[in-house]
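Student: Each chain, written out:
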Amino acid sequence: MATHILRRQVSRILSHASPNSNPTSYFSLARPFSSATDTIRATLFPGDGIGPEIAESVKQVFRTAEVPIEWEEHYVGDQVDPRTQSFLTWESLESVRKNRVGLKGPMATPIGKGHRSLNLTLRKELNLYANVRPCYSLPGYKTRYDDVNLITIRENTEGEYSGLEHQVVRGVVESLKIITRQASLRVAEYAFHYAKTHGRERVSAIHKANIMQKTDGLFLKCCREVAEKYPEITYEEVVIDNCCMMLVKNPALFDVLVMPNLYGDIISDLCAGLIGGLGLTPSCNIGEGGIALAEAVHGSAPDIAGKVIWQIQLPYY
Amino acid sequence: MATTRRSLPLLRTLVAGKTQTRPVTYMPRPGDGAPRPVTLIPGDGIGPLVTNAVEQVMEAMHAPVYFEKYDVHGDMKRVPQEVLDSIKKNKVCLKGGLRTPMGGGVSSLNMQLRKELDLYASLVNCCNLPGLPTRHEDVDIVVIRENTEGEYSGLEHEVVPGVVESLKVITKFCSERIAKYAFEYAYLNNRKKVTAVHKANIMKLADGLFLESCREVATKYPSIKYNEIIVDNCCMQLVSKPEQFDVMVTPNLYGNLVANTAAGIAGGTGVMPGGNVGAEYAVFEQGASAGNVGKEKIVEQKTANPVALLLSSAMMLRHLQFPSFADRLESAVKRVISEGQYRTKDLGGQSSTQEVVDAVIAKLD
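Read top to bottom, the protein sequences are chains A and R. In terms of UniProt numbering, the first sequence opens at residue 1 and continues consecutively. In terms of UniProt numbering, the second sequence opens at residue 1 and continues consecutively.
Simulated from the structure, these hints should not be mistaken for laboratory data. You may find that some hints are simply not true.
[As the list claims (entries may be wrong)] No more than 27 Å apart at the CA atoms, straight line, and that leaves these computed lysine-lysine pairs for DSS-like:
{"id": "1", "chain 1": "A", "residue 1": "K214", "chain 2": "R", "residue 2": "K115"}
{"id": "2", "chain 1": "R", "residue 1": "K295", "chain 2": "R", "residue 2": "K69"}
{"id": "3", "chain 1": "A", "residue 1": "K221", "chain 2": "R", "residue 2": "K77"}
I would like the entire structure built from these sequences, with the hints used as guidance.
Tutor: Right, here's the structure in full:
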């Protein structure tokens, strides 16, 4: 059943090859597929667990729909590459940098010390600063919420997940949350640019600046600055507890959400829950220089390797 | 002749459809019925409306409480000392929302009250009210949130222009006492499961310390099941399968989000009761923090929902050990909600606050 939906969507994408402002065609491509010989090279990381099976399905669907993509497959090695300090080889990262487009399956970081987590490596090396997760109620899959149509854009590099923690004295731990002007401006710019190119009307910045005035206040200031450059898009600010409540009561109130790291993590997973779970949610990480790495947000699920339940989305930039 | 006279009252009650049940009572000590003073802070926005509703209902019930009203507004710099003294004397307070101005920071009056009185546990009771249609059934969640430290410690500074740091502080002392409160609450209220919400896969030391404290306390309550869940998974499960949660214990920020999400799925913040409690004092207010000041339009049209504060005042009556008054108030409110005739706008109805209050007073028995 899933492959039918995928096939229909892919053919719909290709028939709407030119970017249009129809909000339901969520995969508008910047480059129209006008010439048949213009193949795009994309890096594919099949990943672990159910990853390889899913990657096979993706390749099959794309082949059937005659999508002009040539896949360059890279696998995670079993030895730490000293150039990247992790199991991902330098060649894999170079390939993504060269092709600028990639698709990543679920990767399970092996437990141990002496190497960085795979997702962290990708994020740091490719400078992936924004995580975009479109959340749409799938027609035909009934959940309690039928009118979800929103995008969550989450800052991916700093905020609460900077990883800077230390124990002050025994029993007292401090964790640093960093917000910088540069990163906030970058993600706000991307959010408004995305809203404009996809015909979205409203951008909401989610914050808790009434309590954390300096950090979230800086984030909001940057969002406001960028909002002034896009007067045709409505900009609003919503406190996070209000946002959570409104999302579960009436998700149709939101359009594009832009948030710092931690809130983004929680809200994007909440929205995934509204439409039916992580198995149905597409996601894409945007990096500096126009790199786009689309990924599966679910885990590698080694226990169900053998069943395919997945939705893909095309990498877009 | 005699038999008809005896059976008439029975027939009357059968026709009316009410069955006589004795509410749960306790054996009071002599003098327990003396009226207790409670500090009342009407607050901002819809606060005065809903606290007025509580006052009216308490009077109608002849409840043994009397209110000492104090005017506190969100734009004051500090909570007036007389208010704090009154709360310290009475030990119990009922308050409406206090508006935190943007840029208020941790000097927001709500936070000040909590810090001064050391109200370290914030409780939100989210359960489906019978007769109120929601997307989720079988929701019965109590969110217990640490109220004093964590991300809301207020320690922020600008390192260099354009780079700001905020400190999240987690201490063993605070984590332990909130875990103890959560398990004690579960034990005394016959709850079966406590879930700790965290993000220890990323914040290993900070949330790791919180989890350690929870695990230690869990070993002392072997009859209560304990499990842990990561906060993003938790939010996802809340919107898809909320029936799996019972009591949830969380640090400060996650608790804010989880409480508001749970309140939203169970019917909205207009109906969820809650409060803040410490070792010595208790302040009852509307459970979830979103919307407790309300919008201008609601204040003007007087359509604020008094149900949350009414149910919180029922919790307060139980705290003061007046269980039969609490039961009467709760059943009246629940009957009004389930009949559906008098509901405010956020529940899908058209009534004003006063109409709901009158309906509740009429249903009191």
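Student: If a hint holds in the structure, say so; if it doesn't, say that too.
Tutor: These are the hints, each one checked on the structure:
Of the pairs offered as hints, the one joining A/K214 and R/K115 holds, with about 20 Å between alpha carbons and a cut-off of 27 Å not exceeded. Distance check on the hinted pair: R/K295 and R/K69 sit about 23 Å apart at the alpha-carbon level, within 27 Å; holds. Under the criterion of a C-alpha separation no larger than 27 Å, the hint pairing A/K221 with R/K77 is consistent with the structure, at around 24 Å.
The structure is consistent with each of the numbered hints, conforming to all of them.
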